[in-house]
Amino acid sequence: MIEIDRVSQVFRTSGRQDHLALSEISLDIGDGAFVSILGPSGCGKSTLLYIVGGFVNPTEGVARMQGKPITGPGPDRGPVFQEFALFPWKSVLGNVMYGPRQQGIKPGEAEAQSRALIEMVGLKGFEDFYPKELSGGMKQRVALARTLAYHPAVLLMDEPFGALDAHTRTRLQNDLLNIWERDRKTVLFVTHSVEEAVFLSDKVVVMTRSPGRIKQVVDIDLPRPRRRAELLLDSHFQKYVVDIERMIDDTGEDRLLP
Amino acid sequence: MNWVRGLLSRLAPLWACLGLLGLWQAAALILNTDSFPTALEAIRAIPAILGDKESLINILASLRRMAIGFSLAVAVSIPLGLMMGRSRGVAAFFNPLLMVIYPVPKAALMPIIMLWLGVGDIAKTLVIFLGVSLPVIYHSFEGAKAVEEKMLWSGAAMGMSAAKRLIRIVLPAALPEILTGCRTGIVLALITMVTSEMIARQSGAGNILFNSLDMGQYDTVYAMIIIIGAMGIGLDAAFERLRARLVKWSEPGFDIPLSFA
Numbered sequence: 001m002i003e004i005d006r007v008s009q010v011f012r013t014s015g016r017q018d019h020l021a022l023s024e025i026s027l028d029i030g031d032g033a034f035v036s037i038l039g040p041s042g043c044g045k046s047t048l049l050y051i052v053g054g055f056v057n058p059t060e061g062v063a064r065m066q067g068k069p070i071t072g073p074g075p076d077r078g079p080v081f082q083e084f085a086l087f088p089w090k091s092v093l094g095n096v097m098y099g100p101r102q103q104g105i106k107p108g109e110a111e112a113q114s115r116a117l118i119e120m121v122g123l124k125g126f127e128d129f130y131p132k133e134l135s136g137g138m139k140q141r142v143a144l145a146r147t148l149a150y151h152p153a154v155l156l157m158d159e160p161f162g163a164l165d166a167h168t169r170t171r172l173q174n175d176l177l178n179i180w181e182r183d184r185k186t187v188l189f190v191t192h193s194v195e196e197a198v199f200l201s202d203k204v205v206v207m208t209r210s211p212g213r214i215k216q217v218v219d220i221d222l223p224r225p226r227r228r229a230e231l232l233l234d235s236h237f238q239k240y241v242v243d244i245e246r247m248i249d250d251t252g253e254d255r256l257l258p
Numbered sequence: 259m260n261w262v263r264g265l266l267s268r269l270a271p272l273w274a275c276l277g278l279l280g281l282w283q284a285a286a287l288i289l290n291t292d293s294f295p296t297a298l299e300a301i302r303a304i305p306a307i308l309g310d311k312e313s314l315i316n317i318l319a320s321l322r323r324m325a326i327g328f329s330l331a332v333a334v335s336i337p338l339g340l341m342m343g344r345s346r347g348v349a350a351f352f353n354p355l356l357m358v359i360y361p362v363p364k365a366a367l368m369p370i371i372m373l374w375l376g377v378g379d380i381a382k383t384l385v386i387f388l389g390v391s392l393p394v395i396y397h398s399f400e401g402a403k404a405v406e407e408k409m410l411w412s413g414a415a416m417g418m419s420a421a422k423r424l425i426r427i428v429l430p431a432a433l434p435e436i437l438t439g440c441r442t443g444i445v446l447a448l449i450t451m452v453t454s455e456m457i458a459r460q461s462g463a464g465n466i467l468f469n470s471l472d473m474g475q476y477d478t479v480y481a482m483i484i485i486i487g488a489m490g491i492g493l494d495a496a497f498e499r500l501r502a503r504l505v506k507w508s509e510p511g512f513d514i515p516l517s518f519a
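Protein chains in written order, with the numbering used here: chain A, 1 to 258; chain B, 259 to 519.
If you are wondering where the hints come from, they were derived from the structure by calculation, not from laboratory data.
Take the hints with a grain of salt, since some may be wrong.
What the hints assert, rightly or not - Cross-link-like lysine-lysine pairs, in silico, DSS-like; alpha carbons within 27 Å at most:
no.: 1; chain 1: B; residue 1: 506; chain 2: A; residue 2: 132
no.: 2; chain 1: A; residue 1: 68; chain 2: B; residue 2: 422
no.: 3; chain 1: B; residue 1: 403; chain 2: B; residue 2: 422
no.: 4; chain 1: B; residue 1: 408; chain 2: A; residue 2: 185
no.: 5; chain 1: A; residue 1: 215; chain 2: A; residue 2: 185
no.: 6; chain 1: B; residue 1: 311; chain 2: A; residue 2: 90
no.: 7; chain 1: A; residue 1: 68; chain 2: B; residue 2: 408
no.: 8; chain 1: A; residue 1: 215; chain 2: A; residue 2: 203
no.: 9; chain 1: A; residue 1: 132; chain 2: B; residue 2: 403
no.: 10; chain 1: A; residue 1: 203; chain 2: A; residue 2: 185
no.: 11; chain 1: B; residue 1: 311; chain 2: A; residue 2: 132
no.: 12; chain 1: B; residue 1: 408; chain 2: B; residue 2: 422
no.: 13; chain 1: A; residue 1: 239; chain 2: A; residue 2: 203
no.: 14; chain 1: A; residue 1: 124; chain 2: B; residue 2: 403
no.: 15; chain 1: B; residue 1: 408; chain 2: A; residue 2: 90
no.: 16; chain 1: B; residue 1: 422; chain 2: A; residue 2: 90
no.: 17; chain 1: B; residue 1: 408; chain 2: A; residue 2: 132
Chain A on its own, in the form it takes in the complex (with noise of 0.2 Å):
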């Protein structure tokens, strides 16, 4: 269980103004619940990510963890980012294996365990490969299987698929869905694409801008598992992608009309 507590942020910024990217978030995550944060680019929604996982801490409130107050970075709690920040000069099985190799698990049984998560994302045959090797699609896949690797009771996503294409950005969604599927983790999943979160979440957290606010929780009422080709056609499903994109329209700034 994570709460989020009141949280507000404040970013100093060069001008004289602080800038307020987070005001008064309070959120409460349940275990193995797959909840997406939604809203336009600038809103916090990195940075509220960001605060559960321990990297910022916030300017006011608190983000617990199990009831304990989050003070650092932690691996209960496993990343996966948007840039993908892979270990460059490991190869694919260096980087899945780097995590449990931390935790002091022995070389030959972490070995065996990240073979078979590289197996898990598709990857097999290419353990030995380095990054700068791998499309952006394939980096990811190691990212997440890297993060896996370390057994989080927590996946934090941030923007895992927002540099791939759409082809590509397809693919994966249906295979984490189908790896969650196995063990249905928590994942907190950052995107600003509506169809995104409707179709991977339990629950959509809309978020407005400047400040950073909760407009409206939507919870995603679908069965899984979710097969896309099914749910596109799936009136349910175009009812909340629908309603959900009027409710960020509805948060103004970008209106071209007056």
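Place chain B on chain A using the hints.
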């Protein structure tokens, strides 16, 4: 025919050397003065130098000082540069200091250093140390600064402490940049080595060079230049091979992503 072309391009540095020697030979023959021996005369003087025990001891002493100065400089500069790159406080403390030292020619400090430490090994090694330190600190600093924040966050999430992240993530991530600094450092080590021996003439390759200049033994002067030059080329080539091996993962030639989701 392909292997011929391969051989030709692999031996390109050799052709460049031969070309230079040829030009030298021609120029010396045309000018025909005592102070400018021909390339052949200079080359002919090399075995005499390398066969002489005294000269050999001098050259080895130079190399030893250079190795010690270089190693100490690298051992101090890499950790310092990395810490400066990752900590604003450390950078703020050392940056002004380095900015003042950076443009000062290290050889110009030699008289002061000699005054304190004499003309022996310590003074000369210290000058080499100073010469090598700055490029290595600078490149380590730049390399560490450029390390992606998210890479360090990934390490932190695995439970790595700040010290561990510095050694296990910042160091390897910055290694290509660090080694670029070290390569500059090697050449500077050679330059400061010769200069220090030129100022404090007591032993070393630079000592032979300038003593023979004073005595008008011009073929020995030029032979020493060839020997020192060859040492530089050899060291640089050896280091470049080592570097290419260590950072194979970052080489641009490697950069052909596979097309597969």
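**Prompt:** Given the proposed pairing of residue 506(B) with residue 132(A), does the C-alpha separation stay at or below 27 Å?
**Reply:** 11 Å, holds
**Prompt:** Given the hinted pair residue 408(B) and residue 422(B), is their alpha-carbon gap at most 27 Å?
**Reply:** Judged against 27 Å, a Cα distance of about 16 Å means the pair holds.
**Asked** Is residue 239(A) close enough to residue 203(A), meaning Cα to Cα at most 27 Å?
**Response** Status holds; Cα separation ~15 Å.
**Message:** What's the verdict on residue 215(A) and residue 203(A), does the C-alpha distance respect the 27 Å limit or exceed it?
**Reply:** Holds, at roughly 13 Å.
**Message:** So if I understand the rule, the pair passes when the alpha-carbon distance is 27 Å or less; does residue 403(B) with residue 422(B) pass?
**Reply:** 17 Å, holds
**Item:** 27 Å Cα cutoff - pair residue 408(B), residue 185(A)
**Value:** 22 Å, holds
**Prompt:** Given the proposed pairing of residue 68(A) with residue 408(B), does the C-alpha separation stay at or below 27 Å?
**Reply:** 24 Å, holds
**Asked** Is the Cα-Cα distance between residue 408(B) and residue 90(A) 27 Å or less?
**Response** Since the Cα atoms of residue 408(B) and residue 90(A) sit roughly 16 Å apart, the hinted pair holds (cutoff 27 Å).
**Prompt:** Is the hinted pair residue 422(B) and residue 90(A) satisfied, with a Cα-Cα distance of at most 27 Å?
**Reply:** With a Cα-Cα distance of about 16 Å, the restraint between residue 422(B) and residue 90(A) holds, given a limit of 27 Å.
**Item:** Given hint residue 422(B) paired with residue 68(A) - CA-CA distance at most 27 Å
**Value:** 25 Å, holds
**Prompt:** Holds or violated: are the alpha carbons of residue 124(A) and residue 403(B) at most 27 Å from each other?
**Reply:** 35 Å, violated
**Item:** Pair hint outcome, residue 311(B) versus residue 132(A) [Cα-Cα no greater than 27 Å]
**Value:** At roughly 52 Å apart (the allowed maximum being 27 Å), residue 132(A) and residue 311(B) break the hint.
In summary, the structure is inconsistent with hints 6, 11, 14 from the numbered list given earlier, while agreeing with the others.
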